[in-house]
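Trainee: Sequence:
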Amino acid sequence: EKYEAAVQSCTVSIKLDPNYIKAFVRRAESYKSIDKLEEALQDYQKILELDPNNAQARREVYVRCFVFHLFDNSFNLPKKQKQKKSND
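Sequential numbering from 132 applies to the sequence shown in our numbering.
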């Protein structure tokens with residue numbers, strides 16, 4: 132698939148230049164396209180390390196963290212209590 136090829140290409144670019152922000156952005160976008168959201172989040176966080184004022188990365192980190200928080204909490208919902216029948 133083209134997104135997986137893009138991930139590989141960007142990974143090579145990042146190995147050659149660990150500060151190449153554009154490669155991190157492209158790889159993060161490719162990860163999003165193939166539903167590898169945790170990997171995308173890691174790349175966006177790295178972008179923010181390299182460029183703290185990067186608005187796109189900041190927005191994506193907030194969105195991903197919000198989505199992951201909701202997803203994680205969906206499994207921790209209190210179980211519905213069975214109501215006891217009363218024989219008044």
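Simulated from the structure, these hints should not be mistaken for laboratory data.
Hints are not guaranteed to be accurate.
[Said to hold, decoys possible] Distance condition first, Cα-Cα at most 20 Å in a straight line; then the derived EDC-like pairs of lysine to aspartate or glutamate:
1. K153 x E169
2. K153 x E170
3. K153 x E135
4. K177 x D148
Computed from a predicted structure; not experimentally measured.
Trainee: For each hint, tell me whether it holds in the structure or not.
Mentor: Against the structure, the hints:
At most 20 Å may separate the alpha-carbon atoms for a hinted pair to count; K153 and E169 meet this at roughly 19 Å. Only pairs whose Cα atoms come within 20 Å are accepted, and K153 paired with E170 is accepted, the gap being roughly 16 Å. With a CA separation close to 17 Å, the supplied pair K153 and E135 stays within the 20 Å bound. At roughly 13 Å between alpha-carbon atoms, K177 and D148 fall within 20 Å of each other, so this suggested pair holds.
No hint from the list above goes unmet by this structure.
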